[in-house]
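Use these hints to put chain S onto chain E, whose structure you have.
If you read the sequences in order, they're chains E and S. For reference, each letter of the first sequence is one residue, going 8 to 92 in this note's numbering. For reference, each letter of the second sequence is one residue, going 83 to 374 in this note's numbering.
Computed spacing ranges between beta-carbons, pair by pair:
id, chain 1, residue 1, chain 2, residue 2, range
1, S, Lys141, E, Asp18, 46 to 52 Å
2, E, Arg37, S, His350, 54 to 60 Å
3, E, Asp18, S, Asn307, 23 to 29 Å
4, E, Arg42, S, Asp293, 48 to 54 Å
Which chain S residues face chain E? A few, computed with CB under 10 Å, are given here:
id, residue
5, Arg196
6, Ile200
7, Asp207
8, Lys226
9, Met232
10, Met236
11, Asp240
12, Arg242
13, Glu255
14, Thr257
15, Arg259
16, Gly291
17, Arg320
18, Gly322
Think of the hints as simulated: they come from the structure by calculation, not from any bench. C-beta atoms are modelled at their ideal positions from N, C-alpha and C, and glycine is treated no differently.
If you want the building blocks of each chain, they are given just below.
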Amino acid sequence: MTPLAARQALDSYFLEARCKILEVAAVLDRIDRGRDAAALAEDSRMKQLRQALEILHDESGGRAERIQRVFSLEYEPAWERPEPR
Amino acid sequence: MYYIDPHIHMISRVTDDYQRMAQCGCVALSEPAFWAGFDRGSAEGFRDYFRHLTEVEPKRAAQFHIRHYSWLCINAKEAENVKLSREVIAIIPEYLNKPNVLGIGEIGLNKNTRNEAIIFQEHVDLATKTNELMLIHTPHLEDKYKGTRMIIDMLKGDRRVNPERVLIDHVEEHTVRLALDNGFWCGMTLYPITKCTVERAVDILEMVGTDKIMANSAGDWGKSNPLAVPELIQEMKRRGHAESEIRKVVFDNPLSFFRQSARWQEWHEEAVKPRTTIPKSSAEGRKVKVTR
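If we strip away everything but chain E, and leave its shape as in the complex, we get:
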């Protein structure tokens, strides 16, 4: 399946991207306007949000997948598997 040419993708999705970025900005502003916002600086979710925003700046690709991993629990390879019966 051939993806859209870059310019076509930008033309088609610019307004949606603008809308979604504004929504994120509005959520962050909402948090900042709330009482005791400073106390949230070390909240793990705020750290995840900041990490995700940094990935958005990174132009090396695969942003969606990398952001998914930021919001994911780590896999533990040594977890105890049940035995088939």
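For chain S alone, kept in the frame of chain E given last:
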């Protein structure tokens, strides 16, 4: 375009949803067994539920010429109760020979606990003994990556499991390749906020191709759209993808997977013909006489 919704919980939807789905081209759907909105107290509650899935919903669907298929299990959320789960697994064989049953599902993990993993394995034991297809629920949000890897560990660690007969559902960007690279079928769930948007689903298709992958609405108790698959069709058209590729994802792939079921009854040919020709107008070719 005809389509199949391979994962939707019609028990939680009104009859009007069947009508709208039919009007948008749905010819078949499959409904996995899932959580009732509360934790059931007994195996008898599941007996009633399995009866609903195998008797009531097929009749409701048939009013709109939609073929209804179902899957049977105790879902991952209620699997935390191991005693109840084993009682439910013991009654599943009573319903496996109902004509619309495709296999065991949607089994999986919810919070990736030890009890959930034990009951998942016991469902796999049943499915391999009775040669059933399996439909797998992967956890949501932060639990998805870890849970998907745990599920694949268990499936790959069991020599009786044939990946061609397993559908790993609710895949997203960080789990789709885990499923496909290990030989499984996979499904993308088009559900607001907590799962995948239509746009991201098409992005995933563009990255991994259209082999062994399908899409579903997972319409259920939460805010969800039973017409999500037609929206995916529109998004694929918006990006200029070939009709054949679209049909492959929304029709051919689910049908190919379902056809592996031991109880599969082949459809009448008319129902599976692609709707690619526009019927000729009865007026075509006739001269129209205008009188003043």
